[in-house]
Amino acid sequence: MTTTQPGLPKLGITLFSLTLEMRRPDYSLEGMIRRVAELDLGPGLEVVGFQSLRGWPNVDDDFATSFRDLLEESGLVPTAMSMNLDLARRRDRRMSEDEGLEYLERQMEGAKKLGFPIGKSAILSTPRFVEGLARITERLDMGFGVEVHSPDSVDSPHVAHLRELFDDVGSPQLGFVPDFSASMHDVPPSLVKAHRESGMPEELIALVADVWHSDSTMPEKFGRFHEEAKALGASPGDVGKLNMVLTMHGRMDPRRWAELMPQVVHVHGKFYWIDEDGNEPSIDHDSIMNVLVEAGYDGYVSSEWEGHAYTDAASGYDLCRGHHDLMRRLLVQAAETAGAAGAH
Amino acid sequence: MEANGETLAFDELQYRYDDWWFTTDAVTLHIPRANGRGTSHRIELDLGLRIPYLIVGGPDGEPLLASSHTDKTLVCN
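Here the protein sequences come in this chain order: A and B.
Under the working numbering, think of the first position of the first sequence as 1, with each following residue one higher.
Under the working numbering, think of the first position of the second sequence as 1001, with each following residue one higher.
In short, the hints are calculated from the structure, not lab data.
C-beta: ideal position from N, C-alpha, C; glycine also.
Mixed in with the good hints there might be a few duds.
[Said to hold, decoys possible] Derived CB-CB ranges, DEER-like:
hint, chain 1, residue 1, chain 2, residue 2, range
1, A, Arg106, B, Arg1037, 37 to 47 Å
2, B, Trp1020, A, Ala64, 13 to 23 Å
3, A, Ala313, B, Gly1048, 16 to 26 Å
4, B, Gly1038, A, Ser96, 49 to 59 Å
Build out the structure end to end from the sequences listed, making use of the hints.
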């Protein structure tokens, strides 16, 4: 298994990147994990519990043993278990704080049993919830990260409030998981291409891109997009699809991640495509790798290809291979730059 | 709809929030239609996936709706 230099961020993958491959008739979790190891897409392995594990968060002893043995045999390291706080699971009401804590605690126990040191999910930003979560992580001796994913950013009131709450609770086991989706400089060209090929009207694609690039708040963007799309005669289905462009891709300056780094426990290397030059066309990986190296972060970065949300004409394995190559190249550059700066 | 070894009417689905449709499992839609066996039918499916962990529009907002559409001609068996 190829590793990065000591002191640099370590690479890995989340199996969420391989969502298309999970739909193949010959899919098995064991086969997928072995393929990840063969293609050198570790050493870090992240799993989405509800996606990959039937019966999650219930984990029986036999499965836990075979899963741990498989990872050890494959040279992979369990990094983070991706969990859900399904607040809107019921239609008639939202989950209460106590129900939410119990929901996450069961998932943390399942993750622990499988050998994962960190759980990650969205949470409620209330003192009572954060204190409860701190007790769970302490009892299980695990870390927990809240993903900062578009439409959230470092500046989101929700994130700012959580930073204060984490400071108040003073638990080193609670932190954040930056997701590169929050810091993009363009709508993914692969997404535009997919919408175009599916017959999405060109004027709607142009409209959503223009709204996305505008300097306005999210409610203002949604308001303008809906109003102008309606005027163009857009169908509810098309509006729904393009809503995702505004929600799932954020425009934060990637250098702003530096503010969050002291509280980062894991990183999500979100990406949408790797072009023929080996670059990601919509996310400034160069700046982000510099932030990680300058902060001295030596935890894991899970490559997360999310383009499967709109195209099935690609291989998650191949794209993650390209993403690893990109990150490894940029990490070496960032380390050389940091070293040179330190020498002066 | 047939899933997890059970057949449920469309109206019953909203109360089954403790059930999981596992990601790699298929579901079967049964559409009552007399004398349809062996004949072709154009089936359009609008799937609105309410993502229960992504609430948009603030704390009192609604779950993000991921919409998809399928249009296929199938032979009834």
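Which of the listed hints are not met by the structure? none
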